[in-house]
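Chemist: Residues per chain, in single letters:
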Amino acid sequence: MTQTAHDWPTLLCDNARRGGQAPQPWRAPGRARWQTNVEGAVRGSPVLQGELLYVPSLAGFLNAINIRSGRLQWRFKAPAAIHSTPSISSGRVLFGCSDGKVIAIDAVTGTKSWETAAEDEVWTSPVVQNEAVFFGSADGAMYAVQVETGAPKWKKVLGGRIYSTAHVAEKRVYVGCGDGNIYALDALTGHVFWKTATGNGIDCSPALADDTLLIGSQDFFFYALDAGSGAIRWKYEAELGITSAPAISGDLVIFGCKAGTLHALDIRTGKVIWKTRTGQAITAPAVVSGSVIWIQAGITFAINLSDGKVLWRAGLGNSLQSAPVVTNHAVYLAGMEGEVYALE
Amino acid sequence: MDRRAFVKRSCLGGVALLLDHWGTSPAYSQDLIPPAPPIHVNEPAGTAVSSLRMPGLYPGRVVEISDERSIVANRVSQSIVRQMIEQGMRELTGEKDPRLAWSKFIQPQDTVGIKINPSGAPACCSSPEIVREIVAGVQSVGVPARNIFVYDRYAYEMDIGSYQALVPMGVRVTGVQEHKLDVSGYDPNVFCEANFFGEWETRSYMASIVSSGVTKIINVPTMKDHSAAGVTGCLKNLGYGTFNNVERSHRRPFSFTDPLIGIMCSVEPLRSKAVLHIMDGTRIVWHGGPLTQNPDFIFPAGLIMVGTDPVAMDTIELEKIEAKRRNEGVPSVWSRDPKSLTNDGGAFYQDASKNLFYRQPHHIAAAGKLGLGISDRKQIEHHVIHVA
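Protein chains in written order, with our numbering: chain F, 1 to 344; chain V, 1 to 388.
Since the hints were derived computationally from the structure, they do not count as laboratory data.
Hints may be right or wrong, so weigh each one.
What the hints assert, rightly or not - Below are the SDA-like pairs computed for lysine to any residue, each with C-alpha atoms no more than 25 Å apart in a straight line:
(1) K180/V / K156/F
(2) K378/V / R75/V
(3) K271/F / R75/V
(4) K235/F / S66/V
(5) K180/V / N318/F
(6) K320/V / L370/V
(7) K320/V / S51/V
(8) K156/F / R172/V
Quick caveat: nothing in here was measured; it's all calculated off a predicted structure.
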């Protein structure tokens with residue numbers, strides 16, 4: 001399966017978490033091409049490849065929806081709820097389940113290719129890099145398995161529950177942990193290169209901008225670390241805890257905090273470029289598309305990247321955690337009660 | 001328990017329960033609230049009634065520990081709340097060893113539910129730091145982590161509080177319902193039934209985790225004003241946090257939180273399983289509860305209350321919120337002034353003189369009349385410990 005320009009195969013589009021970066025400015029959607037419902041609430045984010053939008057649900061279904069018609073092409077019944085945002089790689093869709101299983105299914109047919117299991121729930125998104133799949137679990141361990149078979153490569157027990165989706169660079173795995181530490185592991189062995197403490201647990205997923213690792217903590221601080229050493233370059237205090245995974249655009253990093261504020265900081269200095277109140281707690285990741293930021297915080301907001309002004313807002317599905325898929329042709333987003341929209 | 005054997009009982013509405021209170025509270029002289037309809041309870045027959053059932057081992061005793069270091073810059077201090085809870089448990093039970101204090105309520109073979117209050121997250125919800133200390137206390141008597149559940153009705157509110165990531169490994173974090181219309185987590189055999197406003201669904205079902213999932217419950221309410229109930233504390237967190245379909249008991253400007261909250265708390269096996277209450281008063285919401293995020297109405301009180309009598313604890317909570325409102329120059333939660341009512345949610349969240357309902361703080365005394373505890377202030381044994 002060849003990836004096309006509008007594919008969106010993992011959380012925030014790609015492993016760099018840059019959220020699409022479509023070159024054109026996005027207008028407010030004029031209409032819904034279609035609207036449908038899947039069984040169960042949706043907490044994870046949809047992903048897209050070719051003609052199929054993959055939507056996970058807490059009823060335990062991975063739903064494959066045809067993006068032209070909005071019709072359900074097939075659905076795969078997992079053994080437990082799926083909070084995890086799926087990842088697509090080498091023709092397979094991978095996702096974690098609340099019973100600890102990580103499952104790979106054929107992206108076209110929906111048949112199971114393999115499964116592996118952690119000892120507790122997997123809400124994180126599996127990250128695929130160099131023939132390996134990396135994921136963390138509430139059992140406190142990071143796992144690496146082979147992408148073709150699911151066979152284990154390594155397992156590293158850290159100090160707390162893991163709800164942070166790892167960022168995997170060429171040789172390193174970066175992840176936040178419920179014990180309040182940010183870890184850098186060797187992608188080949190799981191060996192801990194460094195760990196840096198914050199003041200409370202972490203359920204935010206990190207992003208990497210060149211050699212700066214960016215992540216928020218429940219201690220209300222947003223951290224910029226030297227990715228090589230773990231040394232803190234700067235930290236920025238938000239009003240409340242930070243779960244929302246950061247999105248990167250040029251020199252800016254954008255993230256929400258639970259006080260309902262979206263923050264845009266200069267990656268080099270930590271200086272505030274702007275901040276905008278949305279009114280509800282933000283826990284979802286922001287998505288940057290050209291000059292527009294999309295964020296779901298109860299209602300869906302489109303925000304001007306350059307100054308943080310709200311361009312428009314819409315009540316679509318009361319989503320709290322799901323991030324939209326933004327393509328040249330349409331925006332796909334899912335709501336807490338199982339609604340799925342294609343807006344154009 | 002034989003799941004096929006159930007008994008029905010009927011409770012008269014608020015008029016019969018609250019006649020004394022109507023007579024003593026001047027706020028009721030012009031009460032416009034209609035009488036509550038009969039409420040039918042369907043509960044399992046033959047439930048073993050626990051000696052720990054509410055009001056529990058220490059009726060009327062409320063231990064309050066305050067330490068201003070417990071919340072600094074809106075962050076709760078793990079080490080300080082550890083000391084506060086240990087001290088509270090010792091003072092409540094008279095045991096010097098905290099482990100022995102916990103063992104008054106919990107045995108190693110128990111499956112323990114920690115009932116948090118995440119509504120109002122992230123601004124004011126049960127602090128994960130307090131939950132961690134309760135987990136540690138339960139584990140100290142030999143309960144394995146896998147037999148401890150941190151739970152509430154609404155999974156999505158728990159997600160906002162990040163409890164999943166913040167509690168110790170092995171502890172299970174469970175929401176009874178994944179979205180507003182999800183009823184799969186409720187027991188169809190245990191319910192309260194009443195028709196308040198002509199609603200089409202007249203039953204509220206008990207969460208299965210309470211009816212059959214856990215053997216003991218530790219209740220961790222917050223201290224908040226509540227636009228309908230007057231305050232939300234031990235009773236409201238247990239009653240409305242255990243049964244579904246409770247919003248139907250409110251229709252502006254009226255609410256039947258009295259007597260429904262107390263009746264729900266009296267239903268077995270909830271009443272027997274709820275053995276201990278640890279009220280999080282590190283932050284107190286004095287207006288806009290239960291959901292406000294407005295920091296103007298939340299203050300860092302830095303206190304925790306411990307007890308087994310939910311009525312006595314809520315009576316003290318009500319006193320504190322009333323005192324704060326008085327100091328702020330806003331109407332009492334007992335107010336029946338129609339001019340303070342609004343249908344504008346925005347006004348309610350910005351203006352402490354406005355409210356959406358005639359509040360029902362007398363639900364606490366009503367619960368006392370059902371035998372759940374002591375509401376007479378003169379009979380309450382209030383131990384106050386100021387640490388710093």
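Chemist: Determine for every hint whether it applies to the structure shown.
Modeler: Hint by hint, here is what the structure shows:
Annotation: proposed proximity of K180/V to K156/F is violated, straight-line Cα distance about 38 Å (limit 25 Å). At roughly 35 Å between alpha-carbon atoms, K378/V and R75/V are farther apart than 25 Å, so this suggested pair is violated. Distance hint between K271/F and R75/V is fulfilled; the C-alpha atoms sit about 23 Å from each other, no more than 25 Å. With a C-alpha separation of about 32 Å, the suggested pairing of K235/F with S66/V is violated against the 25 Å cut-off.
For the proposed pair K180/V and N318/F, the alpha carbon gap of about 11 Å is at most 25 Å, so the pair holds. At most 25 Å may separate the alpha-carbon atoms for a hinted pair to count; K320/V and L370/V meet this at roughly 24 Å. A distance of roughly 30 Å separates the Cα atoms of K320/V and S51/V; the hinted pair therefore is violated under the 25 Å criterion. With a C-alpha separation of about 21 Å, the suggested pair K156/F and R172/V falls inside the 25 Å cut-off, and the hint holds.
The structure is inconsistent with the numbered hints 1, 2, 4, 7, although it conforms to all the rest.
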